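Peer 1: Heads up: the protein sequence lines correspond to chains U and H, in order.
Under this note's numbering, the residues of the first sequence are numbered 1 to 330, in order.
Under this note's numbering, the residues of the second sequence are numbered 1001 to 1346, in order.
Don't read these hints as lab results, they were simulated from the structure.
Being a predicted model, the structure only gives us computed values, none of them experimental.
Positions of the beta carbon are idealized from the N, C-alpha and C atoms, including for glycine.
Some hints could be false.
Among the chain U residues that face chain H by a calculated CB cut under 8 Å, a handful are [to be verified]:
| hint | residue |
| --- | --- |
| 1 | Leu123 |
| 2 | Met132 |
| 3 | Ile134 |
| 4 | Ile135 |
| 5 | Ile258 |
| 6 | Gly259 |
Chain U regions said to be covered by chain H (calculated; three or more residues, Cβ under 8 Å) [as the list claims (entries may be wrong)]:
| hint | region |
| --- | --- |
| 7 | 109-122 |
| 8 | 230-243 |
Far from chain U by the CB rule (all over 12 Å, computed), these chain H residues [to be verified]:
| hint | residue |
| --- | --- |
| 9 | Val1030 |
| 10 | Leu1033 |
| 11 | Asn1043 |
| 12 | Pro1108 |
| 13 | Leu1120 |
| 14 | Asn1173 |
| 15 | Phe1187 |
| 16 | Lys1211 |
| 17 | Val1214 |
| 18 | Leu1295 |
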Amino acid sequence: MSALLKSREFILAVVLAAGIALIGIYQPVFVEWDNLSDMLTETSVLFMMALAQMVVILTRGIDLSVAANLALSGFLAALVSQYYPGVPLVLMILAGVLSGLVLGMVNGALVAVLGIPSIVVTLGTLAVYRGMIIIIAGGDQVNASEMGVSFQAFPKDVFLGVTTPIWIAIVVSILFWVFLSLTRTGRGFYAVGGNPIAARYCGIDQGWQEFLAYSISGAVSGLCGYLWVARYGVAYSEIANGYELTVIAACVIGGVSIGGGVGTVPGALLGALFLGIVNTALPVLQITPFWQMAISGAVILAAVVINARAERRPDKLILPEARRLGRARP
Amino acid sequence: MSTPLPTEERYAVLDRAPRRLGATLLRWDVILLILLVLTVAVNAIVSPYFLDVYNLADATSNFSEKAIIALAMALLILVRDIDLSVAAIIALAAMVIGYAAEAGFGAPVLFAVGIGVGILCGVFNGFLVTCVRLPSIVVTIGTMSLFRGLTQVILGDQALTHYPQGFLNLGQNYFIPFVKTGIRWLFIPPVPLSFLIFLVLAAIFGIVLHKTAVGRQLFAIGSNPVAARFSGIPVDRLRFILFVLSGALSGLGGALLAARLGSMRSNMAFGWELDIVTMVILGGVSIAGGVGSILGVFLAVLVLGLVTFGMSLNNIPGQVVSVYTGALLIAVIAIPRIFERLRRGG
Chain U
1 MSALLKSREF ILAVVLAAGI ALIGIYQPVF VEWDNLSDML TETSVLFMMA LAQMVVILTR
61 GIDLSVAANL ALSGFLAALV SQYYPGVPLV LMILAGVLSG LVLGMVNGAL VAVLGIPSIV
121 VTLGTLAVYR GMIIIIAGGD QVNASEMGVS FQAFPKDVFL GVTTPIWIAI VVSILFWVFL
181 SLTRTGRGFY AVGGNPIAAR YCGIDQGWQE FLAYSISGAV SGLCGYLWVA RYGVAYSEIA
241 NGYELTVIAA CVIGGVSIGG GVGTVPGALL GALFLGIVNT ALPVLQITPF WQMAISGAVI
301 LAAVVINARA ERRPDKLILP EARRLGRARP
Chain H
1001 MSTPLPTEER YAVLDRAPRR LGATLLRWDV ILLILLVLTV AVNAIVSPYF LDVYNLADAT
1061 SNFSEKAIIA LAMALLILVR DIDLSVAAII ALAAMVIGYA AEAGFGAPVL FAVGIGVGIL
1121 CGVFNGFLVT CVRLPSIVVT IGTMSLFRGL TQVILGDQAL THYPQGFLNL GQNYFIPFVK
1181 TGIRWLFIPP VPLSFLIFLV LAAIFGIVLH KTAVGRQLFA IGSNPVAARF SGIPVDRLRF
1241 ILFVLSGALS GLGGALLAAR LGSMRSNMAF GWELDIVTMV ILGGVSIAGG VGSILGVFLA
1301 VLVLGLVTFG MSLNNIPGQV VSVYTGALLI AVIAIPRIFE RLRRGG
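My request is simple: use the sequences and hints to build the entire structure.
Peer 2: As structure tokens, then:
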């Protein structure tokens, strides 16, 4: 019980609840269900992207190509909707997911098979994937009027009082939790990131785990690509520009360690929720949206400092100065 | 009677590994040099305007600001750190310069202000990384948001455009004018200030990194920080200095960019951090630390800059150029590994 109270997820949840309550006292409209529902719908993409990114970061990697993948896969889904309006909606969504999966597998193959550092691979594919949109479209964009009706209506549907993007985020989150907590492969990500050599001795295939992580990240980006494009009604090369760093920021706030092996599904979700609240609370509080980025930046830094304090192991006292410092520290 | 010294050493300790032709050809800077020659050759054949001195001079000013920052980034990546906040520092510095310009200061003060803002940002990054001991990638993702966020908060949707003419001249005119000597192939090309600064800084960085003790210490930190600390190298102090340096050069870059464009908005230089990291990695600096050369970064800057310029001469949009540079980045790193794998496998 006390372990739960001390866990960073719990602390983060308390901070978030207190924040929502404070904003609610100041502006009651913020805590009305309509507003909360809007906020969760708006943040649903970030929830899923943060979970997928977490899996990659768990293996000591990083996937900078997610936003470009989202844009390209969303664009391809929109093209399917534009040129084959008769195709069932499921297949259009599947087109986005499959495209994302393939792009993710390319990252995975380059990282796992050739052993190129993930930051190099995904920096390269980030540029390539985004540029592919221009090459495919010749600079054109797909507008709302060119996309199918059902294609655009689906993310706005409401089922049992909750919008479809939230339902999808809930289902994906549960799947991630089951996968990461209860399956052998899921635990493998933690093992590979926590100690690659020990994982190797336990017979865990590091390359396969890495390949899987980037493939999952890609498939989720593809799904989110469809949701993004269908929700905002436009597909072109600039959508979600720079979003990869927001996704990583959500993970960092949620306590996912960039060093690998540390991170939980509730943590990543809370990190994403934090950014979602910051984004929607500002207009309600009548603060200009220009504060958004500065606040995220300050929160990211505060979160890393707090997480680092919690994680810190006592330094090895080898150097005289360190020994002196060690004595000074209680 | 003293024993005679042995005339021949039984074991020779070489200063360096013996040179072989195959190994030389596979060296990173040689690969880049071949790429550079290919780039120039293909572009010169495709477009008659490519080899025009004025065009080339203008092309250099398009990548020089990034290239200057890439020098500091190279040293940071060499010691296993990274600074993703550089582009945000450019915007913040350009904004403060803009306000200083409206207060009536002249060009030298404005440049000093830009570098000063950059140094402050760098000190903040360096403090968080070396004193609070946080991973640099996370810190600089945070400060990237923070610095650009500050710019957005202060500036909103405004643009700053009132830079004094003396300041703009530095960014928009050639610092060294075109000089003919009467002989057709012998001339002094026009050089923009930003490219001249890049050339001078590249020379200084090259000498410091490859010919001085400090340079060797940086390689030592990148190869093994713990061993470096045990050898008496002030690891954290050097890393701190590198973050300050990266901030200072970003501030300088911000001043040069503001002078070249003559206006700034809060989205100035958005996304440049990844372009700069690309330059450094293509230049052969290993993200794992301890491997890299300034010559490599220099050549990579020229390859990327000239490819971009050549493609824009042929009306190819910027994002298609980035497909090429992104693929180039992966290919240049992947192909030697594939060969290595085939050779070991076969």
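Peer 1: Examine the region 109-122 of chain U for residues whose CB is less than 8 Å from any CB of chain H, and state whether their number is three or more.
Peer 2: The restraint on the region 109-122 of chain U holds, since 8 of its residues have a Cβ under 8 Å from chain H and three suffice.
Peer 1: Do at least three Cβ atoms from the region 230-243 of chain U come closer than 8 Å to Cβ atoms of chain H?
Peer 2: holds (count 3)
Peer 1: Could you let me know if the closest chain U CB is still more than 12 Å away from the CB of Asn1173/H?
Peer 2: Nearest chain U Cβ is 32 Å from Asn1173/H, so the label holds.
Peer 1: Confirm or reject: Lys1211/H is not an interface residue toward chain U, with every Cβ-Cβ distance exceeding 12 Å.
Peer 2: Given a closest Cβ separation of 28 Å, the condition holds.
Peer 1: Take the shortest C-beta to C-beta distance between Gly259/U and chain H; is it under 8 Å?
Peer 2: holds, 7 Å
Peer 1: Does Leu1033/H clear chain U by more than 12 Å, comparing its Cβ with all Cβ atoms of that chain?
Peer 2: Its Cβ never comes within 12 Å of chain U, the nearest being 21 Å, so this holds.
Peer 1: Check the non-interface label on Pro1108/H: least C-beta distance to chain U beyond 12 Å or not.
Peer 2: holds, 31 Å
Peer 1: Go through the hint on Ile134/U and say holds or violated, using the shortest Cβ distance to chain H against 8 Å.
Peer 2: Given a least distance of 5 Å, the restraint on Ile134/U holds.
Peer 1: Are all C-beta atoms of chain U more than 12 Å from that of Asn1043/H?
Peer 2: Holds: least Cβ distance 19 Å, greater than 12 Å.
Peer 1: May I ask you to check that Val1214/H keeps its beta-carbon over 12 Å from the closest beta-carbon of chain U?
Peer 2: It holds; Val1214/H is separated from chain U by about 21 Å at its closest Cβ, greater than 12 Å.
Peer 1: Answer holds if the nearest beta-carbon of chain H is closer than 8 Å to that of Ile258/U; otherwise answer violated.
Peer 2: Constraint on Ile258/U satisfied, holds at 5 Å.
Peer 1: Please settle this one: Leu1295/H was flagged as non-interface, so is its CB more than 12 Å from every CB on chain U?
Peer 2: holds, 20 Å
In summary, the structure agrees with every hint in the numbered list given earlier.
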